[in-house]
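Asks: Sequence:
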Amino acid sequence: MTANQKSILLVTVDCMRADHAGFMGYERATTPFLDQLAAKSFVFPAAVTGGAPTYFSFPTILASRFPFALGRDQLGLAPGEITLASFLKKAGYATAAFCAGNPYLSRRFGYDQGFDRFEDHLGAETGPLTDGLSQSPRNGGWMSAVNRRLDRYSHRIGVLGSVYDELYFQYCQRWATPKAASLDEQRRFPAADVIVNEALAWLNGVGEEPFFLWLHLMDPHSPYYPTEAALQAMREEGMTAFRARYLNSYWNRGNLAPSRLAGHRDPIVRLYDAGIRWVDMQMARLADGLQELKKWEKCVFAFTADHGEEFLDHGGRYHPPDRLNEELSHVPLLVRVPETAPKAVSKSPFSHLHLAPTLLEAAGTDVADSFQGRSFWPEVREGTQWDGAAISESVAGCTNPFRRENRLGHRVLAVREARFKLMINFDPVQERLYDLEADPGERSPLPAG
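Each residue of the sequence shown is one higher than the last, beginning at 1 in the numbering used here.
What the hints contain is simulated information worked out from the structure, not anything from laboratory work. Please note that the accuracy of each hint is not assured.
[As the list claims (entries may be wrong)] Taking lysine-lysine and the DSS-like style, the derived pairs with C-alpha atoms no more than 25 Å apart in a straight line are: (1) Lys295 <-> Lys40; (2) Lys90 <-> Lys343; (3) Lys40 <-> Lys343; (4) Lys89 <-> Lys347; (5) Lys40 <-> Lys347; (6) Lys298 <-> Lys89; (7) Lys90 <-> Lys347; (8) Lys295 <-> Lys89; (9) Lys343 <-> Lys298; (10) Lys347 <-> Lys295; (11) Lys40 <-> Lys294; (12) Lys298 <-> Lys40.
Note that the structure is predicted; figures quoted are calculated from it, not measured.
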């Protein structure tokens, strides 16, 4: 260990799209603190996740390897696999991770490897994350039997089935469901302030040795229940607990076409944005705490997301593994390196595959030979351009990877260059090539040939 080695603080945010960060051009005030920090940081305009959802993205982030490099049976990190944490721990770093309850980032899947302290906020029997896409639950007893009969007969008569579905949904939301609890009580995951509090408490006990700290925050993840303080900061004071629950329930309905959902898209996005704002507010607290502990100026700070989120951009919701359009694969990436003047980063894609080795070199350490990625720190530091492609991978239909058969579906692949992006679905083989300069929304694939 050398005297000039820096600590590394890696913050990953679940489901945060690149185009919903102010420092990436978003018009709403989701990230005022990070926007200020961006002026002192390296901002990567074309950072690309290695896969989506979380279980396909994180081997790329923490172990610098492609999601399927070890086969489909390896979900998460392999026993003994070299990661940022294990490599830095061996180098003498204090290591800790605080994750806000994502079951795919748990001891079960090897993510505790290399950490002196690992908190995942999960119970022993935590199951898979599911976004649902379902109807409201039916009541029990005789009402359930009546509902089932009405449901069955109404759907035999054309439009009457849709009318029944809507009436039943409204009945469940307004009368049959208990009164909406507060936003805090409905939230599914620990909010960012809980994770930051734990991180600051741990940092307070770290001595002069360098540290590696990883925080994973879930505030923008569905269901979208931001804190009251975040709603106030976004000037959404009229968003009640009942309204938020109604919107989440409506957005989660699996029996509606995108055209029906579109009317609720904007308020759902505002809830999502408020989750990002709370993350930003806690990043300000975290930076202040590091400054008070006199660790900020010796720390490489990296902020990114595991993948994005879809809001009907291509007809879908949440982060389905069936496609890798920009709203899912393009993620924010901001890296602050003390005593280093930031320069403009290349507009060519930067894969998360290269994040770990780049952070290691920026911190003044060696880079693990086992990593499949390479360090781009010389190019980033000097502001030089690079060429090349970034690859993202997924498995179509794999919404529950706890079941092995779901992990064996056909691959979905995206290869992104600075201007063009090729997406391949392997069942049957379908290729679509997009010109991202002329068609940034990926609406019109270029003609074959």
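Asks: State for each hint whether it applies.
Replies: Hints, verified against the model:
1. About 17 Å separates the Cα atoms of Lys295 and Lys40, which keeps this hinted pair within 25 Å; it holds.
2. Among the hinted pairs, Lys90 with Lys343 is inconsistent with the structure: their alpha-carbon atoms are about 32 Å apart, more than 25 Å.
3. Straight-line distance between C-alpha atoms of Lys40 and Lys343 comes to about 9 Å, which keeps the hinted pair within the 25 Å bound.
4. Taking the CA atoms of Lys89 and Lys347, the gap is near 33 Å; set against the 25 Å cutoff, the hint is violated.
5. Among the hinted pairs, Lys40 with Lys347 is consistent with the structure: their alpha-carbon atoms are about 18 Å apart, no more than 25 Å.
6. Distance restraint check for Lys298 and Lys89: the Cα-Cα separation of roughly 17 Å lies within the 25 Å cut-off, and the hinted pair is therefore satisfied.
7. The suggested pairing of Lys90 with Lys347 is violated, with an alpha-carbon distance near 34 Å, which exceeds 25 Å.
8. Restraint check: the Cα-Cα separation between Lys295 and Lys89 comes to about 18 Å, which is no more than 25 Å; the hinted pair holds.
9. Between Lys343 and Lys298 the CA atoms are separated by roughly 20 Å; this keeps the pair inside 25 Å, and the hint holds.
10. Taken as a hint, the Lys347 and Lys295 pair is broken in the structure, with Cα atoms around 31 Å apart against an allowance of 25 Å.
11. Distance hint between Lys40 and Lys294 is fulfilled; the C-alpha atoms sit about 18 Å from each other, no more than 25 Å.
12. Of the supplied pair hints, the one linking Lys298 and Lys40 holds, its CA atoms being roughly 15 Å apart against a limit of 25 Å.
Hint check: violations occur at hints 2, 4, 7, 10; the rest are consistent with the structure.
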